[in-house]
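Work the whole structure out from these sequences, hints included.
Protein chains in written order, with the working numbering: chain Z, 1 to 177; chain Y, 1 to 383.
Derived by calculation from the structure, the hints in this document are not laboratory data.
Be a bit skeptical, because a hint or two may be false.
Claimed, not checked - Only pairs whose alpha carbons sit at most 20 Å apart, straight line, appear in this in silico EDC-like list of lysine to aspartate or glutamate:
#1 Y:Lys97 to Z:Asp43
#2 Y:Lys17 to Z:Asp115
#3 Y:Lys368 to Y:Asp216
#4 Y:Lys17 to Z:Glu110
#5 Y:Lys17 to Z:Glu114
#6 Y:Lys77 to Y:Glu19
#7 Y:Lys17 to Y:Glu356
#8 Y:Lys17 to Y:Glu68
#9 Z:Lys144 to Y:Asp370
#10 Y:Lys316 to Y:Asp234
#11 Y:Lys368 to Z:Asp139
#12 Y:Lys97 to Z:Asp45
#13 Y:Lys316 to Y:Asp244
#14 Y:Lys346 to Y:Glu336
#15 Y:Lys17 to Z:Asp53
#16 Y:Lys291 to Y:Asp234
#17 Y:Lys328 to Z:Asp20
#18 Y:Lys273 to Z:Asp93
#19 Y:Lys328 to Y:Asp149
#20 Y:Lys17 to Y:Glu67
#21 Y:Lys346 to Y:Asp216
#22 Y:Lys346 to Y:Asp149
#23 Y:Lys77 to Y:Asp149
#24 Y:Lys368 to Z:Glu133
#25 Y:Lys328 to Y:Asp80
#26 Y:Lys346 to Y:Asp152
#27 Y:Lys273 to Z:Glu91
#28 Y:Lys328 to Y:Asp154
Computed from a prediction, not measured in an experiment: that's the story for all the values here.
Take a look at the letters that make up each chain.
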Amino acid sequence: MAQKSRQMIDPAEVNGWGVDADPRNDPTYPMRNRAGDTKGGMDWDRPPLQRADIEVLRSMEYNRRPAVFGTSSAPSGISGMVRRAAFGYSESDWRHWLMLLGADRINMVEGIVEDLSRGHVPNLPAEMGMGAEWRHNRDGLVRKLAIGAGVVVVAAALWGRKDHHRSHARRPLRRLR
Amino acid sequence: MLAADYRGPHRVRASSKPEPVIRHPRDAIVRVTRSCVCGSDLHLYHGLVPDTRIGMTFGHEFCGIVEEVGAEVTNLKPGDHVLVPFNIACGQCHFCKQGLFGNCHESNPQATAVGGIFGYSHTAGGYDGGQAEYVRVPYADVGPTLIPDWMDPDDAVMLTDVVPTGYQAAEMGGIQMGDTVVVFGAGPVGIMAARCAWLFGAGRVIVIDHLDYRLDFARRYAPAEVYNFQAIDDMAVFIKKQTDGLGADVCIDAVGGDASGSGVRTVLGKKMKLEAGSAIALHWAINSVKKGGVVSIVGVYGPTGNMIPIGNVLNKGITIRANQASVKRLLPRLIEHVREGRIDPKALITHRIPLEEISDAYHMFSAKLDDCIKPVLYPNGGR
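What follows is the structure, given as structure tokens:
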């Protein structure tokens, strides 16, 4: 027997219950209207082609470029070079996606450089929404900052001790000379 | 104009950008009045989607007022109030003709696997999105739909993605009268999938998540039985105990690659990117559905690969159904549901935020602050 849930709901009391029930809903219908299936492959009347006045990378799985495309952020810089190389592999090849992820990370650094080159110092805490964190999770933010500061202090102390040991370890060598 | 400006993982700001222009005879320019932040925007925000370039404007759930139309757009005119489906679809390719408007073959040069989507990386076509004062809308003669006079714009903007995606999740489940449906994820789409499961005749609807405030919302809104997975030792065993030992008839993955619930998968998929996100919700769905059952996937994953128990899919004879929602196909029925009061989309909106505060909106949604379920941005003061 199924466990009796204390939360059990009577479907008959739910507004609209069963109004879209369809016993014919099989695993392909109604997602796919086979009546519209064009058996001839890519022979449909194409929309007019958008003029390409920026660089648009194209999946090698297409035998022609789709009619329209977005014009946001054309590939540029080092990340652009990596993206162009990535499109030398198909969507089925992991290298394609891993190179694009790598390009995204490079692009992030390029974005900061671009900001600075325009004289804009990005306000990282603001861009990361720390205002909302301060308003709605002040204790958590303070705790995170305290932990972060603690980690920095401990790391600095360990680094200092390491330097201290190094300087002690070097002395005998000098005496040997 | 003011627009969202992606600067890297966990960083977005509102910047001044040039206004979009007509680039194709079937384009329109829309002045945005409302634009949601979607759970799938968080995959971009977290850096999980390849080819997400710095400077892009996100936003695929928006409505607004037509400002200008291209030469071949005859069904819209400046001044029309429209809701704009998140899919960019030509309406005449092999796939659009079959009603697969999420799979258009004439809208995304960068990938064949997915059609164009507004503001969703270059993997989805490289289109700037609607978290801006103005947006270019390609194939404006196909997607944009006039908002009925009686409809609240807050309802309309939810019909661009959340409602159709939740509805299609239930539809793809092939739910039959009396079926038990388990929805993994109590985000806006999961809550809507649970609500819509009833419309298809479900006999029980169960929602699983780890955030109590969202589960409480789902319990009241859907309505649904709700369970916090942090209190469950083994999901498959739990669901089987709930369903006479057989498993659920239908399981819906409404989470995708940002799922919590497995430390190992979080490290492998979300931190190290060795998987296309964490697929724990899908893992649970496959192992919790009964033999011969249906797993419906609307949660978004990256394009690489995930560890899932595919052997169980075979041995249990499971049908997996998945797709980006075909918004245009579903809109007439969904508008009817809203008019009849069966679906109340705007009730999901918990935060209304000016576009200028987009950084805080993203962080609030991502960090689940202030019991956030659905934030909506209001460019142009919402007018």
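Original post:
Failing hints, ascending?
Top reply: Violated: none.
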